[in-house]
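Sequences listed follow chains A and Y, in order. Be aware that the first sequence starts at 1, since it is given in our numbering, and climbs by one per residue. Be aware that the second sequence starts at 1, since it is given in our numbering, and climbs by one per residue.
Bear in mind the hints are in silico, worked out from the structure with no lab data behind them. Just so you know, not all the hints are guaranteed correct.
Because identical chains share one entry, a pair is satisfied inside a single copy or across any pair of copies.
Below, in silico cross-link-like pairs of lysine to aspartate or glutamate (EDC-like), each with a Cα-Cα straight-line distance of 20 Å or less [to be verified]:
id: 1; residue 1: K204; residue 2: E49
id: 2; residue 1: K231; residue 2: D258
id: 3; residue 1: K73; residue 2: D221
id: 4; residue 1: K109; residue 2: D168
id: 5; residue 1: K240; residue 2: D87
id: 6; residue 1: K231; residue 2: D129
id: 7; residue 1: K152; residue 2: D72
id: 8; residue 1: K224; residue 2: E151
id: 9; residue 1: K109; residue 2: D87
id: 10; residue 1: K109; residue 2: D129
id: 11; residue 1: K73; residue 2: E279
id: 12; residue 1: K231; residue 2: D168
id: 13; residue 1: K240; residue 2: D72
id: 14; residue 1: K204; residue 2: E214
id: 15; residue 1: K152; residue 2: E279
id: 16; residue 1: K152; residue 2: D122
There are 2 protein chains.
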Amino acid sequence: MNGPTVVDSVTALRAQVRDWRRAGLRVAMVPTMGALHEGHVSLVRIALERAERCVVSIFVNPTQFAPTEDLDKYPRQLARDLDRLRDAGAHLAFTPRVSEMYPAGFATKISVGGPSGGLETDFRPSFFDGVATVVAKLFMQAAPDCAVFGEKDYQQLCVVRRLCRDLDLPVEIVGAPTVRDAHGLAMSSRNAYLGEAEIEIARKLNVILRQTAEELATGADETKATGDAAKALIEAGFQKVDYVTARQAMTLAPWQRDRNGRLLAAAWLGTTRLIDNVEILPG
Amino acid sequence: MNGPTVVDSVTALRAQVRDWRRAGLRVAMVPTMGALHEGHVSLVRIALERAERCVVSIFVNPTQFAPTEDLDKYPRQLARDLDRLRDAGAHLAFTPRVSEMYPAGFATKISVGGPSGGLETDFRPSFFDGVATVVAKLFMQAAPDCAVFGEKDYQQLCVVRRLCRDLDLPVEIVGAPTVRDAHGLAMSSRNAYLGEAEIEIARKLNVILRQTAEELATGADETKATGDAAKALIEAGFQKVDYVTARQAMTLAPWQRDRNGRLLAAAWLGTTRLIDNVEILPG
Chain A
1 MNGPTVVDSV TALRAQVRDW RRAGLRVAMV PTMGALHEGH VSLVRIALER AERCVVSIFV
61 NPTQFAPTED LDKYPRQLAR DLDRLRDAGA HLAFTPRVSE MYPAGFATKI SVGGPSGGLE
121 TDFRPSFFDG VATVVAKLFM QAAPDCAVFG EKDYQQLCVV RRLCRDLDLP VEIVGAPTVR
181 DAHGLAMSSR NAYLGEAEIE IARKLNVILR QTAEELATGA DETKATGDAA KALIEAGFQK
241 VDYVTARQAM TLAPWQRDRN GRLLAAAWLG TTRLIDNVEI LPG
Chain Y
1 MNGPTVVDSV TALRAQVRDW RRAGLRVAMV PTMGALHEGH VSLVRIALER AERCVVSIFV
61 NPTQFAPTED LDKYPRQLAR DLDRLRDAGA HLAFTPRVSE MYPAGFATKI SVGGPSGGLE
121 TDFRPSFFDG VATVVAKLFM QAAPDCAVFG EKDYQQLCVV RRLCRDLDLP VEIVGAPTVR
181 DAHGLAMSSR NAYLGEAEIE IARKLNVILR QTAEELATGA DETKATGDAA KALIEAGFQK
241 VDYVTARQAM TLAPWQRDRN GRLLAAAWLG TTRLIDNVEI LPG
């Protein structure tokens with residue numbers, strides 16, 4: 001089986017998508033930063049359930065990294081990524097250079113309020129501006145019918161949904177369940193930074209979140225339950241907890257016990273920051 | 001001759017444009033805030049030189065008015081506007097309510113840097129955020145091939161061009177020459193606020209700008225020439241001058257004598273704020 005066609009210019013991307021569209025084919029997009037793992041593969045599979053063609057963008061977007069963050073060491077492994085995309089059945093890999101996405105004179109920023117409030121934004125203030133701007137650009141470049149985003153980055157999924165509704169972007173946003181290892185650890189490109197002992201600790205994140213979500217669903221006090229979860233993460237070996245917070249599932253407004261909720265967390269293992277989230281059933 | 005079809009929902013707008021597109025017709029858009037005058041009519045005529053169908057949006061966009069500005073008194077006259085559009089040959093008028101453009105939960109803002117710096121932004125700090133956001137939305141809603149904007153709002157034209165380039169919006173932006181009365185007064189919906197004596201004064205704005213641009217093109221000192229122009233406006237009867245500034249024609253970066261330039265001004269007549277601009281030829 002052939003691997004995906006690789007293009008690095010917007011012109012070539014548009015030409016291919018236009019040809020597909022003229023042939024009556026639906027086009028799905030999976031935006032990624034590369035370092036592809038089973039989670040990304042599942043996004044491509046879901047994309048191909050909804051469209052005949054799948055474009056995967058691989059672009060480590062500098063505008064969503066703060067100067068102190070891991071832009072330079074973020075894993076880049078294009079050959080391996082293309083192998084994975086071939087196996088997953090993706091048709092086109094769009095691998096633009098930074099200068100193709102942000103040419104000289106670039107001066108535009110999209111800010112999404114609402115679901116971007118708090119959580120990641122408290123610790124990465126410009127992160128969602130970077131995400132919203134690059135996602136809008138990718139959608140304008142590729143003009144997909146739909147795009148698939150993982151629930152692993154749950155707040156990002158909510159922000160992208162809000163972005164598309166607010167700017168009337170004609171792209172259906174599909175959320176995809178988080179892929180986990182046998183111990184429930186969410187697949188993440190940043191897991192590559194972890195040693196074996198750290199992986200053991202990292203696996204406790206989802207266990208503690210699931211247990212806390214269950215407690216919240218069955219009547220536990222919100223402040224006590226999330227505070228206990230943060231303590232449990234430290235006891236499990238995490239060095240620092242950025243947040244463990246319950247929110248409403250769609251708007252990320254403050255949690256209400258009688259509605260669908262989401263429990264979200266971010267915590268540090270050494271110099272690696274992990275995030276995860278789980279459903280809270282309405283009580 | 002029939003007037004334009006009037007739709008107030010995005011759904012109806014998209015359905016009409018989709019039908020045209022299926023029929024192989026090119027679609028142009030003219031975004032307006034209504035209170036249409038000869039300047040707008042010229043935009044529609046230019047649109048129809050470039051496309052078989054013309055959509056005109058009429059939407060007094062609240063997000064580009066500051067709380068102190070004239071949102072409530074901005075002239076609204078839909079029946080007259082539709083007469084003008086019929087005469088101009090526009091095919092569709094899109095007249096959304098505020099709730100159609102900004103439904104509950106709306107939370108997204110587009111900020112364009114670069115050409116938005118200074119000039120209008122010094123006096124209307126949120127103006128171009130409002131313009132950029134609504135223009136992006138209108139383009140996503142109507143999906144036109146091209147859109148026509150008047151040079152009267154010259155900084156706006158530069159900001160919209162930058163917006164489209166930066167976000168890869170697949171819309172060609174066409175700038176249209178300012179329509180003026182026999183005395184050179186630029187057509188503007190806000191001229192309706194002016195009494196007869198004020199109109200006489202307003203007509204001096206373009207005269208003073210043309211004269212100053214000529215002086216700049218033939219070697220005058222920039223600071224002196226623009227300062228003299230501001231003084232001349234006050235002497236002519238304007239109560240206050242917000243700015244008279246020379247800039248580079250495309251980027252609106254600081255003026256350079258050997259490049260195409262633009263001389264831009266904003267000044268107050270009573271409670272009415274007028275803007276205008278003229279070309280500066282390279283020296």
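For K152 vs D122, is the C-alpha pair at or below 20 Å within one copy, between two copies, both, or neither?
-> within (18 Å within a copy, 42 Å between copies)
Is it within a copy, between copies, both, or neither that the alpha carbon of K231 lies no farther than 20 Å from that of D129?
-> Classified as neither; 31 Å inside a copy, 43 Å across copies.
Give the relationship of K109 and D129 under a CA distance limit of 20 Å: within one copy only, between copies only, both, or neither.
-> Both: 7 Å inside a chain and 10 Å across chains, each within 20 Å.
Measure nothing new, just compare the shortest in-copy and cross-copy C-alpha distances for K240 and D87 to 20 Å and report within, between, both or neither.
-> neither (38 Å within a copy, 68 Å between copies)
Should K109 paired with D168 be assigned to within, between, both, or neither, using CA atoms and 20 Å as the limit?
-> both (17 Å within a copy, 13 Å between copies)
K231 and D258: within-copy, between-copy, both or neither at 20 Å Cα = Close neither inside one copy (26 Å) nor across copies (66 Å); limit 20 Å.
Is it within, between, both, or neither for K224 and E151, if the alpha carbons may be no more than 20 Å apart?
-> neither (26 Å within a copy, 60 Å between copies)
Same-copy or cross-copy closeness of K73 to D221 [CA-CA at most 20 Å] | Answer is neither: 40 Å inside a copy and 52 Å across each miss the 20 Å cutoff.
Quick one: K73 to E279, C-alpha cut-off 20 Å, is that within a copy, between copies, both, or neither?
-> This pair counts as neither: shortest intra-copy Cα distance 32 Å, inter-copy 49 Å.
Have a look at K231 and D168 and pick one of within, between, both or neither, based on CA distance no larger than 20 Å.
-> The answer is neither: 42 Å in one copy and 46 Å across copies each exceed 20 Å.
Status of D72 relative to K240 across identical chains (alpha carbons, at most 20 Å) = neither (23 Å within a copy, 52 Å between copies)
Using 20 Å as the alpha-carbon threshold, which applies to K204 and E214: within, between, both, or neither?
-> Classified as within: same-chain Cα gap 15 Å, cross-chain 74 Å, threshold 20 Å.
Against the hints set out earlier in the document, violations occur for numbers 1, 2, 3, 5, 6, 7, 8, 9, 11, 12 and 13.
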